[in-house]
Every structure is written in C-alpha cells, then in structure tokens.
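2 protein chains.
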Amino acid sequence: MEISKREEEYLEAMYLLYKKKGIIRIKDIAKKLRVRPPSVVDALKKLSEKGLVEYEKYDRILLTEKGREIAEKTYSKHLLLMEFFINILGIPPEIAEEDACQFEHYVHEITAERIREFAKYIQEQCPYVIKQFIKEHIEKKEKSEDTSKVEEV
Amino acid sequence: MEISKREEEYLEAMYLLYKKKGIIRIKDIAKKLRVRPPSVVDALKKLSEKGLVEYEKYDRILLTEKGREIAEKTYSKHLLLMEFFINILGIPPEIAEEDACQFEHYVHEITAERIREFAKYIQEQCPYVIKQFIKEHIEKKEKSEDTSKVEEV
DNA sequence: TAAATTCTTTAGGGGACTCTAACTTTAGGG
DNA sequence: CCCTAAAGTTAGAGTCCCCTAAAGAATTTA
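Here the protein sequences come in this chain order: A and B. Positions in the first sequence are counted from 1; adding 71 to them yields the numbering used here. Positions in the second sequence are counted from 1; adding 71 to them yields the numbering used here.
Bear in mind the hints are in silico, worked out from the structure with no lab data behind them.
Since the list can't tell identical chains apart, any single copy or any two copies may satisfy a pair.
Derived lysine to aspartate or glutamate pairs resembling DMTMM-like cross-links, with alpha carbons at most 20 Å apart: (1) 76 / 169; (2) 91 / 79; (3) 137 / 78; (4) 137 / 79; (5) 76 / 168; (6) 206 / 188; (7) 206 / 195; (8) 117 / 140; (9) 202 / 184; (10) 202 / 188; (11) 206 / 184; (12) 128 / 99.
With the hints as extra help, turn the sequences into a complete structure.
Here it is as structure tokens:
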C-alpha cells in the first residue's frame, strides 16, 4: 500500500499534536498543515481506510500502531535534518525547518543514516573546525539579517 | 507566476536533452521523467503559456531564455547535492541521484550555498578526516553491492 | 437548559498531473 | 514518390489534494 508524501505529513502532524496535547483535533491538524478542515476530513477517511488512523466521525482521533510508526520514522528524519542543518551547516532555524519538512519525506534511509554518522564523526574528529565554520556564518548572517527572507508560518 | 516542482523537472530534463543531443524530443522527455508522451504534451503547452518553452505542435522544441535559466539553476543544485552526497557523505551514486532529484527542487538558496561552502571548507581544513570517513563507508558498501538497485534513464 | 459559538462534516467542484485509446503528422526505406 | 512505422497529438477520463458554502453536532455561556 502506497503512502503519499502528503499522507506522511498528515500522520506526522497528528503524531506531534498527540505528543503535545494528548488529543488530536481536526482544526489543529488543519492549522499545522495550512489547509481547511474539510481537507483534513478527506485525509482522515483515506488514512483510516489504510489502517493508519482510527477515525469515526465526531469521535476522538488516534493513530494506529502502524500510523504511529510511520510518523515516528518521518519525524526522526526531521529532527536529524534539523540538527544537521542548524548545528553543522549553521542554517537559520526557520529555513532549516522548511528544508527539513520537505526532505524528510524523500531522503533514503541510507542517506539519513549517513548524515547521522557524518555529523557524529565530524564533531568528534574536528569539533573546532565545525565550530569555526558555524561562527563565521552565524556572524555573517546577523549583519544581513534584514535581507534574508524568512517565510512566516 | 508559479512554477511547480514538476514543471521544474520538465525544464531540467529538456535542458539536459538539449545539452546532450542538441534536440529535444517528446519521447525522450517522457522516458527521462517516466511518463507517457501525452503527459509531456500537456506539460509543454503549459510551459509554453508561461513563456518558458518554445513549442508549436509538430515543430522543434526549445527552452526560452527564462526556461533555460530556471533549468540551469535547478541543475546546478543537482550537481552540488550530488557532489556533497557522493564525495562528502559517500552515498552510492544511484541513491545520491534519487535524493538529489527531489531535494534540488526544494532546497533554499541559502542552504545550497551553505552546503557548497561547507564542502569546500571541510575539504580544505580536514581532508584526511573526510577521506577516512568515506573510506570506511565505501568499504562497507561494496560488500552489499548486489542489493543496490540502479534505475537506468 | 436554551441560545450562541465553535467544531466537524457533507456536498459539490476545481486544478495539477497522469493515463489509455485512437487519430494525425512526419520521416525513412523500398 | 509512396507507404509504413515511428513520433506526436487529441479526447476523455481518473486520482490526489484542495477549496467554499452550508448543514449538523458538540460545547460553552448566560
């Protein structure tokens, strides 16, 4: 059974809402994914048919075991990419967030794993070089703060 | 005017075909993007309306200046990502190709630029560490060579 | 507890991208 | 030069994901 990129995003959003609030509401999913509630209902019906979500209308919404697994896998890639973009490359968090939000759905396991290993390796083998790289670019960034275009969420 | 990810892919494919063969044919675009010829015709009509492609039915196909610029920008990101995945992370080329093909359409300019700078910096500052990292992982890879799936284009 | 507000759902529809089947044009071999 | 095979095109339809408007259910508040 195929899971689309968008479905993965729905699962991830639900997973995070559950973790944060203990309850998953249509309007919160809608807000997180910047869609209207009817789109969320559509998505829930499809995800429910695929056995990734427990959904009965007007009832509480839950991820199934399978749904949660997919969400966790996706979210762990998200965290990994964020860590890499911010702590190794020194990308501004808002930009890193947007890049991670896309790449997390495409990156192969092997690439994600390699990024993880690389980050660890490089931070152990030459921490000062990394620190220096970050320092240079963070400073450069702040001088031109106003020219950087941050897309507000 | 919005250019979708998919449209960018069409432009990039055409750009590469032109560079390689000097002529852009529907069936070659279709092959590269793994779609059927009618889908390509649809895409060409839309791209033509947007002024990114010169297209008259049964006539030769060309990118406009604007179309070429977009394709080049995308393709340069592709090359950059490939370089990073392969030479820094030691990802197998086929995997790197697939990851790059997706990420190139999403990555922010600032991230792409930072990756470029990082690769340069790290290779200058601690080339041996990189070499060692690659070596360890390339070796690991070759043992499981037969399990990798290479998609021919 | 009735009324008002908020949340969810349904109905109906649209855009982007894809496909198959069938038709038209082009190009190359006889 | 014609005729066939290959390439390109059109028509019609499907999937995915989104929307607005309006109706229905749940919750809050007076």
